[in-house]
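K.L.:
Since the structure of chain A is already known, use the hints to place chain B on it.
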Amino acid sequence: MSAPRLSLPADALHGETAAGLVVTATERPGKVAKRAKSAFNLTDATTPLNACYAELAKGIEALPLRRKSLFIASAGAGEGTTTTAVNLAGVLSRTSSSVLLMELRLLAPRLLHLLGDSAGDAASVPGLEELLRGATPASDCIFRVEGSSLSVAAVRSAMSLEEVTHQSGPLNDFLAWAEEQYEWLVLDCPPVGSAEWTRWFDLNADPVFLVARAGVTRKRAWQAAARRLKDRLAGAILNDSTPK
Amino acid sequence: MEFPAALAATAEKYRRPAMIASGVLTLVAVVLCLLPAGRKQQYQSIALLLYAGNAGAAPGSAPLSATTAATARLDDAHLQKLAEHYDLYPELRKKQTPADLLGAMRANITLTQPDGYSLQVGFRDENSQRSQDVTNSLAAVLEADVSPAANTQPLATTQPQVPAAIEDQRSARVLNKDDLHRRIAHVDGMLKERTENQSMLQDESAENTARIRTISSTHVTTNPAESTPVVDPYAGTRTSLREQIAAEQQHLAALLVRYTEAYPDVEEAREKLSQLQEKLAAVPPPPVTQRVRAQNLFQKQIDDLTEEESRLGEQLRSNEREIAALQKQRSELVAKLGPAGAGSAAGQPTGQGAVAAPAAVTGLQSAIPASTHPFRILQNATVSVVVGSIAQSRSGFRFLWVMLAGAVFGFFVFLPRLPLRDTLLLTAEDMRKVLPGNAVFLGTIKRIEL
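As you go down the protein sequences, you meet chains A and B in turn.
Here the first sequence is numbered in my numbering, starting from 1 and rising by one per residue.
Here the second sequence is numbered in my numbering, starting from 1001 and rising by one per residue.
With the rest of the complex left out, here is chain A:
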């Protein structure tokens, strides 16, 4: 495995001073004012949020899972799927030898934006879409977060729906390869039931962890997503829960 080691900028910390990976839920500037920010610091395990995700990771590790690929999805958009996936992958990377965070939002990629695309160095790494098109080998489209065992495979430019539906073969191959190479795979998936949630997900996404955001996710929509996933639904995570 020859993934390039990249370091992400400190300006992505949004006020935090620690170096390394910090993820904030600020991808929708218009909603930031209304929604409280959630932040995770990879290097500081003492922050309250860090403790939350650590608990979450502990719960996942305790589950009798068939495979160690975690498909993080939600019922609708804006429910914190990517944030949860990134933070969960960060926590798991602290206790595991190798973790791959993989973006499966091929139609609307957000991971690089969320991680801080201004890093610049990550721009030299080809996106996952290049791999699916057969333009680059699997190992070349992965970069590692400095100072951790977390690797990332992100989509750089959006693909078309038609293109995505024909890429199930390479995606399966890549997934099989990644499962061999990494201890944990955390996959950031599109909302269940959306156009992005193609037939490939219905066939391959297992186990799925369904994320909901308090005050945003509707019960019926969440139940519909759970019904669609059937027994592939392994767990549920509630984001932005107001502490009492």
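Since the hints were made in silico from the structure, they are not lab data.
Under 7 Å between C-beta atoms, here's a sample of chain B residues computed to sit facing chain A:
1. L1424
2. A1428
3. V1434
4. L1435
5. N1438
6. V1440
7. F1441
8. G1443
9. T1444
10. R1447
Please read these numbers as outputs of a predicted model, since none were measured by experiment.
All C-beta atoms, glycine included, are put in the ideal place defined by N, C-alpha and C.
P.N.:
Relative to the frame of chain A, chain B by itself:
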């Protein structure tokens, strides 16, 4: 089968208006369904009268229709008397003015003119017997002879009896007679048709009877060749087997008194009995003689012809009734013509020959002044049930059902998507409630203000 995406999108787009429309339809349908139940059942009686035309109409004036004439006859005085006699609308009579009472009564009276010669008078009421009685009374009022002065009172303005117009009135009566002649000719034509039909039916019936007689006589004729009994070669075998079966059954019964079913002798006896029964079943049945077959055939023919005979008889009787009614109608028309007219009508060619007006009818005709409205009751009141709602018409009922079906369809399609009770997930408790059994709730990520 997956719901087409385009259709699903359309359904989603029009979900709310469809839900509203469906709800409104359901509400209207339910209200319309409940309306008939809240109303009392009503009965409509209808009597049929013959209208003999505009005898006595002023020359140059427009001919009076039967309904206009009947409306004129059913004046306030007559209706008032009927209302009192039959105790109609007691509440209205106590509280309202006579005009209101008469208005209510007129609202329930129907006068329709199906053709130029007849008038249907009807009355609607909650009581079927009263409805029928009032209708018959109304018909009687129309038919009854009234004095010219009283009768012409409502029409006085339209029919002024001016001496100078007497000649014109006479001409009008001549025209009216011509009209009556035409009607008599029409009735004669119908009579001729019915009479021809009657004779045809009678011929057919006679022919049928003759055929039945012929077949019956053939049937009873003894044919020596056919009467010879047919030899059954298996008769002896059959009798012998039956005797053996009876003996074996007796033997088995005797054994069962002493032993159980499992005893070898009982089993043996049962086996033997079944063998004998199988043998008997294998013996060919006794032959059916040709005579029996012929008898069956004759009987069938006789039955068919008898059925045909009864049908023809029914047709004959129905035809006779029609002929009698037509003859009565013709007599009445001839009576209206008067003695001279009756003579000329009798001279016209008809199938039956001209029917002279009976003396009583002629007398009645002469007793009725030309200025009265000559109604004659053809049929007394018949009652039918009427429900005062949308359900009273078939199309209304169909509309109701279609609307109900639409409403039910709308609810079934769109109700599952109705977000009436779709609430937001807020707490871990909410999450646990919606979580399926196979999944676990991993925890919450707290909201942190930075």
